[in-house]
Amino acid sequence: SQQGEEDPQALSIQEGENATMNCSYKTSINNLQWYRQNSGRGLVHLILIRSNEREKHSGRLRVTLDTSKKSSSLLITASRAADTASYFCATDGAGRRALTFGSGTRLQVQP
Amino acid sequence: DTAVSQTPKYLVTQMGNDKSIKCEQNLGHDTMYWYKQDSKKFLKIMFSYNNKELIINETVPNRFSPKSPDKAHLNLHINSLELGDSAVYFCASSQVGTDTEAFFGQGTRLTVV
Numbered sequence: 001s002q003q004g005e006e007d008p009q010a011l012s013i014q015e016g017e018n019a020t021m022n023c024s025y026k027t028s029i030n031n032l033q034w035y036r037q038n039s040g041r042g043l044v045h046l047i048l049i050r051s052n053e054r055e056k057h058s059g060r061l062r063v064t065l066d067t068s069k070k071s072s073s074l075l076i077t078a079s080r081a082a083d084t085a086s087y088f089c090a091t092d093g094a095g096r097r098a099l100t101f102g103s104g105t106r107l108q109v110q111p
Numbered sequence: 001d002t003a004v005s006q007t008p009k010y011l012v013t014q015m016g017n018d019k020s021i022k023c024e025q026n027l028g029h030d031t032m033y034w035y036k037q038d039s040k041k042f043l044k045i046m047f048s049y050n051n052k053e054l055i056i057n058e059t060v061p062n063r064f065s066p067k068s069p070d071k072a073h074l075n076l077h078i079n080s081l082e083l084g085d086s087a088v089y090f091c092a093s094s095q096v097g098t099d100t101e102a103f104f105g106q107g108t109r110l111t112v113v
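These protein sequences, in sequence, are chains A and B. Using this note's numbering, the first residue of the first sequence is number 1, and each one after it goes up by one. Using this note's numbering, the first residue of the second sequence is number 1, and each one after it goes up by one.
The set of hints was computed from the structure by calculation and includes no laboratory data. Take these hints with a grain of salt, some might be off.
With a straight-line Cα cutoff of 27 Å, these simulated DSSO-like cross-link-like pairs (lysine-lysine) come out [unchecked claim]:
#1 K44/B with K69/A
#2 K71/B with K40/B
#3 K67/B with K70/A
#4 K69/A with K67/B
#5 K26/A with K67/B
Listed next, the stretches of chain B that the computed footprint assigns to chain A, with coverage defined by at least 3 CB atoms under 8 Å from CB atoms of chain A [claimed, not checked]:
#6 59-71
#7 97-107
Cβ pair distances, simulated, as ranges [unchecked claim]:
#8 L61/A with T100/B: 36 to 42 Å
#9 Q14/B with N38/A: 28 to 34 Å
#10 G16/B with Q110/A: 34 to 40 Å
#11 T13/B with T27/A: 18 to 24 Å
#12 H57/A with L83/B: 44 to 50 Å
#13 D66/A with T13/B: 43 to 49 Å
#14 S68/A with T59/B: 27 to 33 Å
Since this is a predicted model, take the numbers as computed values, not measurements. Virtual Cβ for every residue (Gly too), placed ideally from N, Cα, C.
Produce the entire structure from the sequences given, and follow the hints as far as they go.
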């Protein structure tokens with residue numbers, strides 16, 4: 001079964017607005033990663049947050065991690081039409097040796 | 001240069017046929033993976049190889065057989081294709097160790113008719 005659940009499943013916003021996506025997972029992790037998938041393309045790594053970190057920034061991306069709640073959020077600030085894609089969280093679990101992906105959030109940014 | 005490349009990008013075939021998908025990475029990574037993405041966009045690990053050795057073999061039908069001739073290549077052979085095998089198959093690679101990201105190929109969209 002899927003490790004993670006993401007919400008919302010779909011999100012539509014206007015350019016310039018912020019987009020927040022949430023991810024929940026079930027087991028202990030080494031780290032949690034976020035990936036972007038443009039339509040018909042492969043996944044591209046965005047950011048990684050370790051299990052002992054609570055917040056991380058990279059450009060317009062801000063990721064938080066709450067291991068007590070087994071949840072993470074991805075915030076994209078000042079969104080652009082080019083941010084339109086599906087976003088997936090993925091967990092690297094202890095001893096797992098492969099990423100386990102969430103169900104994904106489809107983000108549509110209207111120009 | 002493409003880091004992880006897989007071929008073909010599209011594959012349309014009839015039920016019962018046998019097909020292969022090839023994957024190559026030029027990143028020098030030790031670990032390679034096959035993931036399956038279904039029509040609802042769920043991504044699930046199928047296999048993982050580390051230095052040509054099978055590490056993960058999820059609950060995948062025996063009709064699926066991965067082959068890793070060297071650590072830069074991981075091919076996927078599928079026998080007796082079924083309608084339910086239709087999906088997008090992604091190859092990926094990563095370096096051994098903790099806190100490493102995975103690099104994905106562009107995907108192979110398999111349609112079984």
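Status of each hint after checking the structure:
{"no.": "1", "hint": "K44/B with K69/A", "result": "holds (23 Å)"}
{"no.": "2", "hint": "K71/B with K40/B", "result": "violated (31 Å)"}
{"no.": "3", "hint": "K67/B with K70/A", "result": "violated (36 Å)"}
{"no.": "4", "hint": "K69/A with K67/B", "result": "violated (39 Å)"}
{"no.": "5", "hint": "K26/A with K67/B", "result": "violated (31 Å)"}
{"no.": "6", "hint": "59-71", "result": "violated (count 0)"}
{"no.": "7", "hint": "97-107", "result": "holds (count 9)"}
{"no.": "8", "hint": "L61/A with T100/B: 36 to 42 Å", "result": "violated (19 Å)"}
{"no.": "9", "hint": "Q14/B with N38/A: 28 to 34 Å", "result": "holds (30 Å)"}
{"no.": "10", "hint": "G16/B with Q110/A: 34 to 40 Å", "result": "violated (45 Å)"}
{"no.": "11", "hint": "T13/B with T27/A: 18 to 24 Å", "result": "violated (37 Å)"}
{"no.": "12", "hint": "H57/A with L83/B: 44 to 50 Å", "result": "holds (45 Å)"}
{"no.": "13", "hint": "D66/A with T13/B: 43 to 49 Å", "result": "holds (45 Å)"}
{"no.": "14", "hint": "S68/A with T59/B: 27 to 33 Å", "result": "holds (31 Å)"}
Taken one by one, the earlier hints fail for this structure at numbers 2, 3, 4, 5, 6, 8, 10, 11, listed in ascending order.
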